Amino acid sequence: MADCRGIQTQQLNIGYDTDLIRKICIEVKPGQIVTLIGPNGCGKTTLLKTLTGELKARGGCVYLDGKDFSSMKEREAARHMSMVMTVRVNPDLMTCREVVELGRYPYTGRAGILSGRDHELVREAMAWTNVEELAETFFQNISDGQRQRVMLARAICQEPEVLILDEPTSYLDIRHKLDLLEKIQRLATEKQIAVLMSLHELEIAMRISDYAAALGEGRVLRTGPVREVFEEAFIRDLYQIKDMDTTLLGSACWFENKEADGAENGTQEDVKEDAEVWKAEQTASPGKARVIMIQGTMSSAGKSVIAAGLCRIFAQDGYRTAPFKSQNMALNSCVTKEGLEMGRAQVMQAECAKTEPVAAMNPILLKPVTDQGSQVIVMGRVRGNMSAADYYSRRKEYVPCILDAFRQLSESNDVVVVEGAGSPVELNLKKDDIVNMGLAGMIDAPVLLVGDIDKGGVFAQLIGTLDLLEKEERSRVKGVIVNKFRGDQKLFESGVRILEEKGRTKVVGVVPYMDVKLDDEDSLSERFLVRRGPVQEPEAKQTAGDSVQIGVIRLPHISNFTDFNPFEQLRCVTVRYVRSLPELDNPDIIILPGSKNTIRDLRWLKETGLAAAIEEKAAKGTILIGICGGFQMLGNRIEDPEGVECGGSEEGLGLLRVNTVLGGEKKRSVFDGSIVHATGVLSHLAGRSVQGYEIHMGSTYPDGEVYEFTSGQTGYCRDNIYGSYVHGLFDRAEIMTSLMEAACSAQNKEADIKGAVDYAAFKEQQYDILAQTLRQSLDMDYLYSIMGLVKHDT
Amino acid sequence: MNTKRYAAVFSLAAVFIALLLWINLSFGSAEISVPELFRILSGGGDEMNRNIIWNIRLPRAVSAVWLGGGLALSGYLLQTFFGNPIVGPFVLGISSGAKLMVALTMIWFLSAGRNLSQAVMVLAAFAGALISMGFVLLISLKVKKMSVLVVCGIMIGYICSAITDFVVTFADDSNIVNLHNWSMGSLSGMNWDQVRAVCVITVTGLVLTVLMIKPVSAYRLGEAYARSAGVNIMLLRVMLILVSSLLAACVTAFAGPISFVGIAVPHLARTAVNSNAPRVMIPACFLGGAAVTLLCDFAARTVFAPTEVSISSVTAVLLVPVVIFMMIKPKHRDM
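Residue numbers (my numbering), protein chains in the order written: chain A, -17 to 776; chain B, 280 to 614.
So here's chain B without its partners, still in its complex pose (with noise of 0.2 Å):
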């Protein structure tokens, strides 16, 4: 029975992000030794070191696993509700929504001369992924098909990264500088306050998300079909929307944009699980997007060190092939 496979991908899974964990925490301009790693992690250890661990190099690494998770988790919803496995938060506009909106509060409020909170660029970047997808959404409204709505979602998309790049050619120097690092995407310097935040946020969507897992199985049949079986379509579309919405502004405040992990990694899931039930899906995405975001950090920070890359950078270069490697693979066997 498909039981077994789901426990040993899960347990693989496990084994990975403790893996990944370890390696995160381990390398770096200082390699700490396993010893060393747990005598800082229980309190001890040396001083330089553990100033690494605790407010370096763990923060960094635990938000990874809520950001890649829930971005994963995003990308889960929004493939289900649009039946198409080539939408991502990224494809459809919600990044770049997001970005447009950080950066217009961003240049607004250093050229007032105030600093730009947390809670600010993550409630800029949630109105910035809400609009876009209030668009989708109003097209929706009027085009039934979906795949004209993804065009749309591109669409706007473009709209929402042309009139960033306007607003950046405009802005200071200094702006740019910010937002640039900051669109890059990166998970360089996250602290604790930062990551309690993620942490809350991310944990609403995942028990949301686990609150739809009836619904959503019931839309896997499409809409007319879960209607049939008693689901309230209105209301899981409004649902769905917003809590991908929510995950995937979390994700873009607090890193930036960080793509293709939305699209890639319930794609891995789906084939390490063979299945597409959201029960085992769910948790699948979100430890899969764990590891995949922990290990593309990893590659971002040390394979050009010192120089940090954009993780975006990375998270393309290293899924984009495994995606087309599995869509051009044979069908899925029966299981």
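Pulled out of the complex, with its shape left as it was, chain A reads as follows (with noise of 0.2 Å):
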């Protein structure tokens, strides 16, 4: 840690003969006041106690100055810290400047003689807080006000780093606390003392503490700057005084809301540079960056994109986002700029946070190769394949990987949005959970349960989800979402109304239809349910005129598949899959995408009777595009001496003459190069430059005639049929167009494909679409208020 100054605490667990507060971890830093509010009995004494060492801790650490506390010695830690409490002292005959004296007790001898820097420091003190008349008057003589006065002079003169005041304001008055107030505020700025008080009176803590931490029902609920905590719909539960009526106090305790959204420009400025400040804490300090998790009833109920659509709210409010999933199982992956792989949706959802997708946003990456096993990706890294029995039995073992990549992007986010995955009420795998509400637990995120209204039985759902959690589960969801819903939401109203009540719950937002093209896993998978494009609409496909056909083999094994996503936001084009010979048809484009398993997939292209319809298509002239696996297949030949799939060789389908040697390094790249050569109709695009990644395991090698098509021997091409390792060969407009145009004017269509822009910049209008209808259907207040935000602009 760069500074370590001050006081932290790390998982800190108090209370007397049971955990009071767990976890807490408050950080102070020199020249700042950390102010602790909460109700009478929500233990701030108690924490106060636990840092001074009157308590011990139950679990977790406090670092004073960076040292563990519990390996100091009582002298060493009373020269960093020292306390006024609220406990009333009356010791007999006792002078005020003999109090003050005892602050010094740390730096003298064994004989307690006072040297004459020490006198000095204790007049200084003295005179510091107005008390220089009172050292020769005994202390049970003077006033609450005088002798609080007296107190805080003995701390100082103990010359701490560290200040901790129980209460200072209680029995004073006006004039006192003042007085106080503002001793206490410039020993902070120019004693550079950090200073950590618990405070009954909010018109108070909110004015004169840099952040607050609220705490109540046995955690910490909020910590923040000020701003951020003393908001009034918090402040109000946090003291339960929701529906009271609190102009007996006077002002309000709270922030104003008209203030919070910045209404003047003052504040807003102020609130800006508060956020601003709070930001560059958290690089400093770890895990404290604000969760919100994402958890869905079931597979597919559209967890991904709402999460996705957070990533980008959160990141259009000017906060640093990540994306994180503990675990994803997943057969599209992606390479990041350090060569790690990671599931496609976290980076679709890193680019809605519009951040660079690292591995720890997917710690664990299942790709499933058999209908047993899967292909277990640890931090990007293989790790060899596993049955799913084993890997369920030995999930436990990878909680610290999880934990620490979770830990890395908290600790360079402002916010971080953990989507779960599958259900979290799968009873009979919940034991030993790290993906749902074991990794909501650990990290202590709040939960918000996605239902698809969609697929039906949307209240049996979210009610039988709610209901099989566990009582404290239960408690860390804060509301539901109803997502998918199609048609006028008002009919929906006394949906919501049924689900708050039976569900004992908020909901959060009832979440339309949405047709955003995102590369999200489970949209992906429902494309190959789906038929899209022009057979749902097909008026609106009549008068865009012709379209473009493309038939995608559905291959069993098929993986990375949204490298035909670019085509999406062509109405012109129709991208149909195609499991079986009928389905085929006749389509202008024939592509034959990446797999997990090759041969397999090559063997069933040819038991289909697909494989010899695609040669004869080929044959004909039709465009035949290879992409990785499907590359590997347009070869002569596929061998596998090391067993990576499952051995021995396999005949191509022979369009391009390459021989492929499966197996050494799986190659994860980003490919930044060209197109050297083209034939066919794509032969114009030579020199292109193009990016995008190689996911493989094995090597192609020319076996004949065969033209470089990628750079780099990654593709090579002959004819109309092209084949290339590289995934996002079509994501630039220029090259997509080009390829449309080719396929138009070599069947005389005239198809409209005017307005493609560069994949990257489509999927941007995507992810703001998605923003979009996401802040119009969420109680977006409400999501920042669980998270412990306050929302700064409008």
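In short, the hints are calculated from the structure, not lab data. Mixed in with the good hints there might be a few duds.
[To be verified] Using 30 Å as the maximum straight-line C-alpha spacing, the simulated DSSO-like pairs for lysine-lysine come out as follows:
(1) A:11 to A:159
(2) A:38 to B:424
(3) B:283 to A:38
(4) A:55 to B:421
(5) B:424 to A:55
(6) B:283 to A:5
(7) A:224 to A:484
Since we're looking at a predicted model, the values are computed, not measured.
The two chains are supplied separately, each in an independent frame; assemble them into the complex guided by the hints.
Next comes the structure, spelled out in structure tokens:
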């Protein structure tokens, strides 16, 4: 840590005989004033007593100026920290000077005789707190206000770096309060002392403190800049004065919404500044990012989309945001800049969050290889294949890795949007859960539960899931979201009421069925089921002219099938997934996608007769593109000497004169090259630059007359047959457009292919649409509040 | 400044003690004039008078000084520890515990036909004092409230007294006489060997107390603040209990239980020096205890002469009014 001065707690548990508050993480730096607030009995004093050593910590750690407090000797600790507690001291016949002199105790010798400097410091401290004239007066004879000042003088001349104050203003009249608070403020600013205090008077707390921590319900409910903590709804909730009239108290003890929203110019700047400081804070202190977790009632409920949208919203609102999913079961993976592999969905969410995707966002990636087993990828590196049973029994071992990854994100971001997986109440698999409620507990995340109304049974989904949760887990769920609602939302108003009543929860929003095109695992899977494009909207299609038919062969082990998403922005393109010979029909372009098991899929291709049909079409000049595994299939032969897939070798389609040898190190890299040669209809593309990524195990070598298609021997071509290892080949508008043009001119079609943009720009548009939709349908203020954030902009 | 006051108080105490020493040595069944006294002390003088002074009055007076001082110190330490002005070795059952142990040991030794040596007496008293204090400490681990602790100490004192009474009821007559004489509390019959032992123990206690001046002064603001100032609270607590028990046990073993000196003298000393700072209070208590014990012993010896009354009765009669008077007196004024 760069700056470990001051006091900080890590996962501190406090209490007398049982834990009163758990997992306290608070930090006070030199010059800061941090205030503890919360109702009577919430544990403020207990916390302060634990920090001063009066009580033993029940778990976790306290660091005083970077050193473990529990290992410090009393004398050493006393040189770093002093305190003014509420305990009434009534020393008999003790003059105020004697009281203050005790502050020098840790600095004097065995006999406790004060040196000249000690006397000087005592005098200074007493002068500073205006109690000089009381020096020879007995402590028992002075007023409460004077006592507090004397005790403060005592604390000051102890020359602490950390000052702990428990209710320093109680018993004091206004003048003495003012006086004392002004002193405390000056201590922080002038002497750069880290001040941690508890206060009952909220009006004071919100004015004097830099940061505040609200305690209640056995935990730290909220920490942050005062403006974020002193929010009316939250404070009312904290002190359980929800519907009470507070006019008797005078000025409100929270920041008016108007103010927080920045209606006045000056205030807005203040807010921004506060937020800035808080952010700067977060980089230095670990694990302080705000967290929200999205869980679904089932797979494909729309978790990833909601999480993606939230990522974009937080990014738009100026927070450094990162997505996180502890374990992803996905066919689609992607390569980070470091050459590490991670789930496509988190890459997409990272794009939404406007941040660079890193493997920590998806520490564990499972890629199904066979029906029973998956390739296990941990922090972007392949750890080998594992059967499902094996993985489940061993998944606990991955907890440290997951928490590490999370911490990494939490340290460098303001917000982490966590996505669960599947349903949180798969009761037979719940033990040692590391993806849903188990994870939520570990990282202390508030949870939103997403139900899919499109599939039906949304009440049963949501309320059933809530009811199956354990009590503690249930309390983590701060609300539910009804997703994929089609039609007029007004019709569902009664539904919302019923959900809120029966589910005893808040419906955070009803999200409409969105037609956004995302590289999202769930929606991708859906593509196989729902025929997209003009098939659904025949009328729209007619007016737009002819359509380009793309047939994507739906291999049984299809993988990384995001390559075709760019086509979706064009209304004139129909992408069909072909799983059998009759479905092939007569496409303009055939695409053989990547596969997790090339040899098996190749056999499947032959068995279904698709292989022969493809060869026939290719011979007729239909554009045929093989990507990655598909590229390998186009060749003469695929050998698997190391048994990476199933061993042996397999004859390819023989359409490109190349041979592939599987095995060796898995290649994961970002591709930045160009098209070297292009034959057939794409000939004019030669020399164009291409960006994308490669993920494959094995290399392909020319075996006869072929042209290098993509540079670096990553792809070859002949006539209208193109093969390449590069994913994302069509992301550039220019390449895609010319492919479409070529397809049209070959078939004499007149499709409207104008207006295509680079896929990157297209995706940005889509993300913004998604964010916009979510903003409209979700109660964002509530969402911010459960995360402990205050929304700044409107 | 208060230094003047301290100087005045300490000189006054010294004068008092000198005066009381003179009275104690000179007056009694045989009166000895001042010149004779000096002659005796310098090695000459009348044979019989020399015997009275050297073998009876001087050891008695010297032990009164040490025991009284130790008792007052013990009281001061306990009052500091409990933060309560009403506690003293007698109140907290230290003396009663010591008395019980001494009674048990005495009866056991005498019935076995053996003589009880002073060393065994001291050990028994010390053990008894520590046992009853140990109980108080055990309770203090559970109960944090000092007032409850004080009550517990008083209860333990009562139990010890009750058991002692019980034991006495069933003891032989001769034992009862012995025990009764001892438990009345008296400085009579002190010999030089005993004085030497008293000296060693009390000086040890005094030195340890002086070493604790620093933490004790921090302890005046209560445990929490003392800890925050860097005091090792556990060590201090244990030391306070051990030293005060040692001092009180020593007195009980040699002179029997002497009440009220432990409570009253710290009060008197506090009023005299108008401070509670240990560096003044420790010498003040010691001197005060010595003076008061000398005075009370003299009274016990002479008021109903030739009958000697128990020193405890005298201390009670003389000191209770003083304590009450001091407590109802208006608040201390500032220096």
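Evaluation of the provided hints:
1. With a C-alpha separation of about 24 Å, the suggested pair residue 11 of chain A and residue 159 of chain A falls inside the 30 Å cut-off, and the hint holds.
2. Using a Cα cut-off of 30 Å, the hinted pair residue 38 of chain A and residue 424 of chain B holds, with the two alpha carbons roughly 19 Å apart.
3. Taking the CA atoms of residue 283 of chain B and residue 38 of chain A, the gap is near 46 Å; set against the 30 Å cutoff, the hint is violated.
4. Note on residue 55 of chain A and residue 421 of chain B: the hinted pairing holds, with a Cα-Cα distance of about 25 Å set against a maximum of 30 Å.
5. Restraint check for residue 424 of chain B and residue 55 of chain A: the C-alpha separation of about 26 Å stays at or below 30 Å, so the hint holds.
6. For a cut-off of 30 Å, the pair hint linking residue 283 of chain B to residue 5 of chain A is broken: about 57 Å separates their Cα positions.
7. Between the alpha carbons of residue 224 of chain A and residue 484 of chain A the distance comes to roughly 22 Å, so the proposed pair stays at or under 30 Å and holds.
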